[in-house]
Amino acid sequence: MRRKRWPRRRAPCRLGPALLCGALLALASACPRPSAGFGPTPFEAASEVLEAMAKTQAAPDHVVGEAKVHLVLPGGTSGGADHFVAAMRPDSLRLDTLGFFGTPLGMILVHRGTLTVWHVQAGQAFRGPATAESLGLVAAIDLGPADAVAALLGTPRLLEGRRHLDLDQEARRYVVTIEGAAGLRQELRISPEDHLLREVVWWKDGEARGRLSYARYRRGGRAFFPYELRYEDASGARLELEWREVHVDGADFDPSLFEVELPDAVEVRPLDPAQALPPLPAADEGAPPG
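The numbering of the sequence shown is numbering that gives the first Met the number 0, which starts it at 0 and goes up by one.
Take the hints with a grain of salt, since some may be wrong.
Said to hold, decoys possible - Here are the simulated DMTMM-like pairs of lysine to aspartate or glutamate, each with C-alpha atoms no more than 25 Å apart in a straight line:
hint, residue 1, residue 2
1, K67, D90
2, K203, D232
3, K203, D253
4, K54, E206
5, K203, D81
6, K54, D193
7, K67, E169
8, K54, D232
9, K54, D165
10, K67, E206
11, K203, D248
12, K203, E231
13, K54, E192
14, K67, D253
15, K67, E231
16, K67, D146
17, K54, D146
18, K203, E244
19, K203, E65
20, K203, D141
21, K67, E244
22, K54, E132
23, K67, E159
24, K67, D248
25, K67, E198
26, K54, E241
I should point out that these hints are in silico values taken from the structure, not numbers from a laboratory. Everything numeric in this text was worked out from a predicted model, so none of it was measured.
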């Protein structure tokens, strides 16, 4: 009678530290690595996103054209009209309220540090230093001249400070945050598909102070320009602009658009930031009777 042989137990495999690390690295390389970004070209640093945006989005020196401008005041009062609009870096701006026949009813002019508000039909104008406060008397928004021009040109000014990148997976947006000085912070939301700026939010001491959004980008030459913008500040005032026709960095642009001499008959008064200005005439004031 044969004795039953039990199978021999194999000695446990003992991998050396070097061999074990090599096995783990090989396994990790075989598995797909999750990307830190999304879109056709995932990015992992704020500088990469901003560089891609700069290559795709236009950064014009000047624009001129006709636009529909709608203004909503904090109290709920609103109004809209066609405007002739011109903007030039660094801080020259002109908005003419147009009547029914395209005739100017009023003008807001910012040039060389001076703000002029001209009521054409009333033969009256106000003039003073161009600041965020004085512009707020006219448009009820808290943007200084250079920031207003940069916003119209589609390239809002960026803060100086530390930058970092986050991902908004739900909205599918790159979020570049810039931490500035004195409690200031800026958030830029950029779409991953086309690398275009969609929204900018300014923060002060943890509270949102202003929100600027862009839409309806169109290609002009090698880059894209937004045909719609909307700005809303902390007070609830909102300005919306939709370009009907615009020339971006046109070769025939005339800087003398901002060199406006008022007729001698116009009464020019000093602009007092402590006093509210009379509203510019509405567009329907130029409409024919009946």
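Here is how each hint holds up against the structure:
1. K67 - D90: holds (21 Å)
2. K203 - D232: holds (12 Å)
3. K203 - D253: Violated, because 38 Å separates the two Cα atoms, which is more than 25 Å.
4. K54 - E206: violated (31 Å)
5. K203 - D81: Violated - the C-alpha atoms of D81 and K203 are around 33 Å apart, more than 25 Å.
6. K54 - D193: holds (11 Å)
7. K67 - E169: violated (32 Å)
8. K54 - D232: Violated, at about 29 Å.
9. K54 - D165: Holds, because 21 Å separates the two Cα atoms, which is no more than 25 Å.
10. K67 - E206: Cα-Cα ~30 Å, so violated.
11. K203 - D248: Violated, at about 33 Å.
12. K203 - E231: holds (15 Å)
13. K54 - E192: Given that 25 Å is the threshold and the Cα spacing comes to 14 Å, the pair holds.
14. K67 - D253: holds (22 Å)
15. K67 - E231: holds (17 Å)
16. K67 - D146: Within the cut-off at roughly 20 Å; holds.
17. K54 - D146: Since the Cα atoms of K54 and D146 sit roughly 21 Å apart, the hinted pair holds (cutoff 25 Å).
18. K203 - E244: It is violated: about 35 Å lies between the C-alpha atoms, which goes past 25 Å.
19. K203 - E65: Violated - the C-alpha atoms of E65 and K203 are around 34 Å apart, more than 25 Å.
20. K203 - D141: holds (13 Å)
21. K67 - E244: The hint holds at about 10 Å.
22. K54 - E132: violated (34 Å)
23. K67 - E159: Given that 25 Å is the threshold and the Cα spacing comes to 33 Å, the pair is violated.
24. K67 - D248: holds (20 Å)
25. K67 - E198: Since the Cα atoms of K67 and E198 sit roughly 20 Å apart, the hinted pair holds (cutoff 25 Å).
26. K54 - E241: holds (24 Å)
Checked against the numbered hints listed earlier, the structure breaks hints 3, 4, 5, 7, 8, 10, 11, 18, 19, 22, 23; every other hint is satisfied.
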